[in-house]
Amino acid sequence: MTPITPTAEYVLPTGLQGPFAVSTHALTKRFGAALALDAVSLQVPEGAVYVLAGANGAGKTTLLTALLDLVRPDEGRAEVLGLDTHRQGAMARAQIGYMPGSVTAAFPWLRIGQFLSLLGGYYPGWDASYVGHLTERLDLDLNARIRGLSKGQTRRFQLVCALSHRPPVLILDEPTDGLDPEMRDEALGLLSEHLADTGGTVLLATHHAYEVEGLADHVGIMRAGRLILQTPREVLQSQLLIYRADGPEGWAGPAHLDAQVIARARSGREIQWTVWGDKRTVEQAIEASGGVVRSATPLGLDQAVTALMRTKELR
Amino acid sequence: MFVQINPADPRPIYVQIMDEVRRGLAVGTLRPDDPLPSVRQLAAELRLNPNTVAQAYRELERAGLVYVRRGQGTFISAGDAPLASAAKCSVEVAERALVDAYRHGVDVHELVEAIQRLSASDTFPVKAQNR
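Top to bottom, those sequences are chains H and P.
Residue numbering for the first sequence follows our numbering, starting at 1 and increasing by one per position.
Residue numbering for the second sequence follows our numbering, starting at 1 and increasing by one per position.
Just so you know, these hints were derived from the structure itself, not from any lab.
Beta carbons: idealized from backbone N, C-alpha and C, even for Gly.
Hints may contain errors.
Not everything, but these chain P residues come out facing chain H in the computed CB check (under 10 Å) [said to hold, decoys possible]:
(1) Ile13
(2) Pro35
(3) Val39
(4) Arg40
(5) Leu46
(6) Arg47
(7) Leu48
(8) Pro50
(9) Thr52
(10) Val53
(11) Arg103
(12) His104
(13) Gly105
Covered stretches of chain H (in silico footprint by chain P; criterion: 3 or more residues with CB under 8 Å from a CB of chain P, positions within the stretch not fixed) [what the hints assert, rightly or not]:
(14) 183–190
(15) 259–272
(16) 288–301
With the hints as extra help, turn the sequences into a complete structure.
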């Protein structure tokens with residue numbers, strides 16, 4: 001099977017329908033000569049579960065931390081629920097539950113319970129019984145000192161902190177990283193309940209898109225500081241398909257597809273395309289060239305993300 | 001009601017939920033006036049986005065398969081729609097078999113013949129359940 005270099009004649013969608021809970025406008029950030037964010041215009045619709053995917057170093061964490069004003073962009077601006085994340089930073093952050101991607105925890109000498117009651121002092125609507133429910137579900141001991149927590153316990157503690165005040169916007173950086181399968185499952189269940197109870201918005205960065213397959217309704221993909229695609233999940237599912245077709249001896253498929261070919265491979269008399277485009281157009285082109293389309297199936301979220309991340313030529 | 005969702009299935013998740021309700025009707029595990037789990041409950045149980053479950057329930061209501069009683073939940077309808085939907089199950093199973101047959105280059109006659117031969121054979125495990 002020989003993959004063929006993709007063509008760049010067809011543009012992947014990067015604009016979504018508002019109103020947006022989180023949006024950035026041509027956000028750019030340089031670290032020395034390195035361009036960490038290259039004019040990123042993120043658009044997270046209200047009530048969405050938006051999965052931000054991309055390889056290590058693609059800029060996901062920089063983008064998320066910029067929303068908390070922990071990183072100051074060189075150009076562009078960001079808004080959370082209409083609040084400028086820099087000029088109205090404190091007000092914006094009050095609306096956000098944030099789970100960082102690293103395990104460094106503040107106040108290591110405190111016990112979990114002490115820290116949570118301190119945290120509760122900042123939120124007028126603090127619900128101690130809900131927080132108790134969270135720590136129980138995620139199997140955390142309120143008497144344990146933060147300093148002594150394992151990586152997995154620290155991650156669970158961070159998730160409790162993020163969910164504790166039922167924020168309208170959750171920003172989660174690799175939320176399942178460091179969790180064992182049982183706790184990961186529990187964490188996903190808590191996210192479902194949080195969504196059902198609050199109708200809130202979730203923006204989460206992950207390497208493991210398959211873990212949030214059932215939750216995600218929007219997908220954004222970053223590569224080398226750029227947001228190369230952002231789209232509703234159902235658009236991804238209807239536009240990005242794998243076509244398998246066979247034809248007579250020597251058949252090479254259509255010379256041109258009016259769509260974005262992401263990968264093409266052949267094996268004997270069968271050709272397989274991974275294509276972003278209109279299904280009928282692609283099928284008709286293949287059939288007009290003498291091929292028989294045996295199947296056109298959508299990719300799983302993880303497969304789709306991987307395929308799109310590999311489209312090196314795309315801008 | 002047990003709902004099984006397969007993320008690798010090409011059907012969107014809300015369609016899978018709808019099909020599971022139809023399956024329950026066809027098999028007889030769901031009957032008129034039986035309650036469906038709440039949106040929150042089913043979403044949390046299956047680790048799904050509650051909007052997806054709500055969409056499935058909305059579409060089921062539109063198809064007349066379920067009705068909503070305010071403050072009480074969603075229930076299976078008593079009318080003809082659930083029965084008609086259960087009868088449609090055979091069409092859907094046939095559709096899936098046809099798509100798969102086409103994918104494997106098997107034509108309709110070969111498929112039907114194979115089904116008849118298999119179901120008549122003593123060794124096929126499903127045979128015991130045939131009416």
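Right, here's what the structure says about each hint:
1. Ile13: Hint holds; Ile13 (chain P) Cβ to chain H Cβ min 6 Å, cut 10 Å.
2. Pro35: Status violated, d = 17 Å.
3. Val39: Holds: closest Cβ of chain H sits about 6 Å from Val39 (chain P), inside 10 Å.
4. Arg40: Hint on Arg40 (chain P): holds, closest Cβ of chain H at ~4 Å, below 10 Å.
5. Leu46: Where the cut-off is 10 Å and the nearest Cβ of chain H is about 6 Å from Leu46 (chain P), the hint holds.
6. Arg47: Cβ of Arg47 (chain P) sits 4 Å from chain H, so the hint holds.
7. Leu48: The hint holds - Leu48 (chain P) has a Cβ within 10 Å of chain H, the shortest such distance being about 4 Å.
8. Pro50: holds (4 Å)
9. Thr52: holds (7 Å)
10. Val53: holds (9 Å)
11. Arg103: holds (5 Å)
12. His104: holds (8 Å)
13. Gly105: holds (7 Å)
14. 183–190: holds (count 3)
15. 259–272: violated (count 0)
16. 288–301: With 6 residues in contact (Cβ-Cβ under 8 Å with chain P), the coverage given for the stretch 288–301 of chain H holds.
In this structure, the hints that do not hold are numbers 2 and 15, in rising order.
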